[in-house]
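Going line by line, the protein sequences match chains V and A.
Heads up, the final residue of the first sequence is numbered 306 in our numbering, and it's a clean run with no missing numbers.
Heads up, the final residue of the second sequence is numbered 250 in our numbering, and it's a clean run with no missing numbers.
Take the hints with a grain of salt, since some may be wrong.
As the list claims (entries may be wrong) - Once the Cα atoms are required to be at most 25 Å apart in a straight line, the calculated DSS-like pairs of lysine-lysine come out as:
no.	chain 1	residue 1	chain 2	residue 2
1	A	Lys248	A	Lys84
2	V	Lys183	V	Lys154
3	A	Lys84	V	Lys23
4	V	Lys23	V	Lys120
5	V	Lys154	A	Lys84
6	V	Lys73	A	Lys248
7	V	Lys183	V	Lys108
8	V	Lys108	A	Lys248
9	V	Lys73	A	Lys84
10	A	Lys84	V	Lys57
11	V	Lys108	V	Lys57
12	V	Lys108	A	Lys134
13	V	Lys130	A	Lys134
14	V	Lys130	V	Lys154
15	V	Lys210	V	Lys290
16	A	Lys248	V	Lys130
17	A	Lys185	V	Lys130
To be verified - Some chain V residues judged to face chain A by a derived CB distance under 8 Å, without partners named:
no.	residue
18	Pro30
19	Ser84
20	Glu99
21	Leu107
Worth flagging that the hints you see were computed from the coordinates, not collected in a lab.
Ideal Cβ positions, reconstructed from N, Cα and C, are used throughout, including at glycine.
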Amino acid sequence: MPTQNLVETHNLTKQYDKIRCVKAVDMQVPPGSIYGFLGPNGAGKSTTLKMILGLAKPTEGSITLFGMPVHEKKRMKLLAQTGSLIESPSYYGHLTGEENLRIIQTLKGCSEKDIDEVLKIVRLYDARGKLANHYSLGMKQRLGLAAALLGFPKLLILDEPTNGLDPAGIQEMRELICTLPSKYGMTVIVSSHLLSEIDQMADHVGIIRKGELVYQDTLESLHSHAKEQIALRVSHTAIALDLLRQDGIEAVQEADYLLLPMVGDAYVANLCKRLVAHHISLYRVEKREKSLEDIFLSLTGKESSL
Amino acid sequence: MNTLRMEFQKIKRKKIALTICALVSVQFAWLLWSGSRPDEDARLQGWIETLYSLPLMNVIMMPTIMSVLASRLADVEHKGNTYKLLNTLRRPGALYHAKVICGLLFILAVCAAQFIFVIALGYTRGYAGHPEWKYYAAAFVLNLACCLSLYLLQLLLSMLFFNQMIPLVAGLGGSMLGLILMYVKMYSFLPWGGFLSAAQARMDWNPDTRIIRFYYRAYSPVELCAVFMIFVWIVVFYTAGRILFSRKEV
Numbered sequence: 001m002p003t004q005n006l007v008e009t010h011n012l013t014k015q016y017d018k019i020r021c022v023k024a025v026d027m028q029v030p031p032g033s034i035y036g037f038l039g040p041n042g043a044g045k046s047t048t049l050k051m052i053l054g055l056a057k058p059t060e061g062s063i064t065l066f067g068m069p070v071h072e073k074k075r076m077k078l079l080a081q082t083g084s085l086i087e088s089p090s091y092y093g094h095l096t097g098e099e100n101l102r103i104i105q106t107l108k109g110c111s112e113k114d115i116d117e118v119l120k121i122v123r124l125y126d127a128r129g130k131l132a133n134h135y136s137l138g139m140k141q142r143l144g145l146a147a148a149l150l151g152f153p154k155l156l157i158l159d160e161p162t163n164g165l166d167p168a169g170i171q172e173m174r175e176l177i178c179t180l181p182s183k184y185g186m187t188v189i190v191s192s193h194l195l196s197e198i199d200q201m202a203d204h205v206g207i208i209r210k211g212e213l214v215y216q217d218t219l220e221s222l223h224s225h226a227k228e229q230i231a232l233r234v235s236h237t238a239i240a241l242d243l244l245r246q247d248g249i250e251a252v253q254e255a256d257y258l259l260l261p262m263v264g265d266a267y268v269a270n271l272c273k274r275l276v277a278h279h280i281s282l283y284r285v286e287k288r289e290k291s292l293e294d295i296f297l298s299l300t301g302k303e304s305s306l
Numbered sequence: 001m002n003t004l005r006m007e008f009q010k011i012k013r014k015k016i017a018l019t020i021c022a023l024v025s026v027q028f029a030w031l032l033w034s035g036s037r038p039d040e041d042a043r044l045q046g047w048i049e050t051l052y053s054l055p056l057m058n059v060i061m062m063p064t065i066m067s068v069l070a071s072r073l074a075d076v077e078h079k080g081n082t083y084k085l086l087n088t089l090r091r092p093g094a095l096y097h098a099k100v101i102c103g104l105l106f107i108l109a110v111c112a113a114q115f116i117f118v119i120a121l122g123y124t125r126g127y128a129g130h131p132e133w134k135y136y137a138a139a140f141v142l143n144l145a146c147c148l149s150l151y152l153l154q155l156l157l158s159m160l161f162f163n164q165m166i167p168l169v170a171g172l173g174g175s176m177l178g179l180i181l182m183y184v185k186m187y188s189f190l191p192w193g194g195f196l197s198a199a200q201a202r203m204d205w206n207p208d209t210r211i212i213r214f215y216y217r218a219y220s221p222v223e224l225c226a227v228f229m230i231f232v233w234i235v236v237f238y239t240a241g242r243i244l245f246s247r248k249e250v
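Given these sequences and hints, build the entire structure.
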């Protein structure tokens, strides 16, 4: 029996004025996963996450959380099991870190003990008495994460949580996010415009481009697309293609090159001999690797950040 | 109750009470200064004169005080970019309610302080008899209603604009408008003129004898409509604020 997804969207669409920012997104987030929501800036990641959290109303489509369709009446009940950090952290600068969390704890109705626990998790315990205005950007980001973690929700939605952090902070945040499913049984949706970041954190990935979900599967599956190929440049491409087909090799022509799947050295040597025997001049034999970056760029367009 | 408790937790160190106290003490200083040496006639009409001068003072100062109160309460959310977090924890309507009730409690304290002060002042100055309690009670309720209508309007503006200068300028503009309205008519359908409409005491000045006589007026149908309008504004501003708060996408 297939496991029920923790978050599902169907045909989720958002239109501002006449511009469709999110177009018929069908997102599926399995329980216990770290779902990397990847896409260039302005692709519609934040808008999609805001719609899931009920902060923006979908123009079309539906959302299912924990197997329950999200309606206005049920929204708060379902969101009670959710923690979120959208764009920049929300905090009251004139209050201390601890006082900020106390407000969230009051609203979430969770145990007071959770405050100390989440402060320790995000390593802000020693700075709990300091005014949030006096925190560094990284500390504010961690305070935002602590607020999201309060009550240890089943689902955590983090929108670009490493924004503004220094490399050490990014590493720290990444390590923390990676431990959440195993340690606390959480499902995490984390958005980013950085492929490398998602590659190091997520086990499932959804790639959004200009509001459309262009890829959604496991990260492993995305990696399997990152395959090596042999590229041949010859004088008579059509004859060479016939020869390869006779050998059962599925080659494709791309510009002046023939691209064939990775084959052994012996086959390449033999192929070169046969091409020459057929009076075909061999100009180039290259090994090509289609990296994860190439796949991401081909899915999202060249304008993406990596 | 949790949401209201949270509202008070949020304004810790914001010194809202202190700011309001400072503004209200200007009113108290004004009251102390005016009629500081009452003669026999002033003592006889003291209680009714207080009910005449209090609305005049409020029409000038309360729009500013209410704009400061609303701005301080709404600004904490703008500065901290907190709506997107709060709206995932509570219905926006409940958050709006908490802001309204929090503000109302401040208003209640301001109005109570004002009335306690003027009554204490009256006894200290030796006004004749006692305050006409039914008029004082009605004045208290109408004063509260006027303040609430202005607060709801200012809260709406403060939530709408990130830059709090806009609602504060609107508050100061309301005070100016109130001042102008005083010279036009002793009632107004505008929210800033509510204090004038609600005022029960009137003054009759005889230019020949140069004698001032205060009296309690009977509302004409138009004046009664103007008083009713105060409550209409409360409903209008409350509904508009709630709709704005609930439908606002963050």
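Cross-check of the supplied hints:
1. The straight-line distance between the Cα atoms of Lys248 (chain A) and Lys84 (chain A) is roughly 10 Å, inside the 25 Å bound, and the hint therefore holds.
2. For the suggested pair Lys183 (chain V) and Lys154 (chain V), the alpha carbons sit about 12 Å apart, so the restraint of at most 25 Å is met.
3. Straight-line distance between C-alpha atoms of Lys84 (chain A) and Lys23 (chain V) comes to about 23 Å, which keeps the hinted pair within the 25 Å bound.
4. Simply put, Lys23 (chain V) and Lys120 (chain V) have alpha-carbon atoms about 40 Å apart, too far for the 25 Å limit, and the pair is violated.
5. About 19 Å separates the Cα atoms of Lys154 (chain V) and Lys84 (chain A), which keeps this hinted pair within 25 Å; it holds.
6. A hinted pair counts as satisfied when its Cα atoms are at most 25 Å apart, and Lys73 (chain V) with Lys248 (chain A) qualifies at roughly 17 Å.
7. The hinted pair formed by Lys183 (chain V) and Lys108 (chain V) meets the criterion: a straight-line CA distance of about 21 Å does not exceed 25 Å.
8. With a C-alpha separation of about 22 Å, the suggested pairing of Lys108 (chain V) with Lys248 (chain A) holds against the 25 Å cut-off.
9. A threshold of 25 Å between alpha carbons decides the hint, and for Lys73 (chain V) with Lys84 (chain A) the separation of about 18 Å falls inside it, so the pair holds.
10. The straight-line distance between the Cα atoms of Lys84 (chain A) and Lys57 (chain V) is roughly 13 Å, inside the 25 Å bound, and the hint therefore holds.
11. Proposed proximity of Lys108 (chain V) and Lys57 (chain V) is supported: the alpha carbons are some 23 Å apart, at most 25 Å.
12. Proximity of Lys108 (chain V) to Lys134 (chain A) is assessed by CA-CA distance (about 46 Å); at most 25 Å being required, the pair is judged violated.
13. The straight-line distance between the Cα atoms of Lys130 (chain V) and Lys134 (chain A) is roughly 52 Å, outside the 25 Å bound, and the hint therefore fails.
14. Taken as a hint, the Lys130 (chain V) and Lys154 (chain V) pair is broken in the structure, with Cα atoms around 29 Å apart against an allowance of 25 Å.
15. A distance of roughly 23 Å separates the Cα atoms of Lys210 (chain V) and Lys290 (chain V); the hinted pair therefore holds under the 25 Å criterion.
16. Restraint check for Lys248 (chain A) and Lys130 (chain V): the C-alpha separation of about 32 Å exceeds 25 Å, so the hint is violated.
17. For the hint linking Lys185 (chain A) to Lys130 (chain V), the alpha-carbon distance of about 54 Å lies beyond 25 Å, and the restraint is violated.
18. With a least beta-carbon distance of about 22 Å to chain A, the hint placing Pro30 (chain V) at the interface is violated under the 8 Å criterion.
19. Checking Ser84 (chain V) against chain A by beta carbon gives a least distance of about 6 Å; that is within 8 Å, so the hint holds.
20. For Glu99 (chain V), the interface hint holds, since its Cβ comes within 8 Å of a Cβ in chain A; the closest pair sits about 7 Å apart.
21. Checking Leu107 (chain V) against chain A: minimum C-beta separation of about 4 Å stays under 8 Å; hint holds.
When held up to the earlier numbered hints, the structure conflicts with 4, 12, 13, 14, 16, 17 and 18 and fits the remainder.
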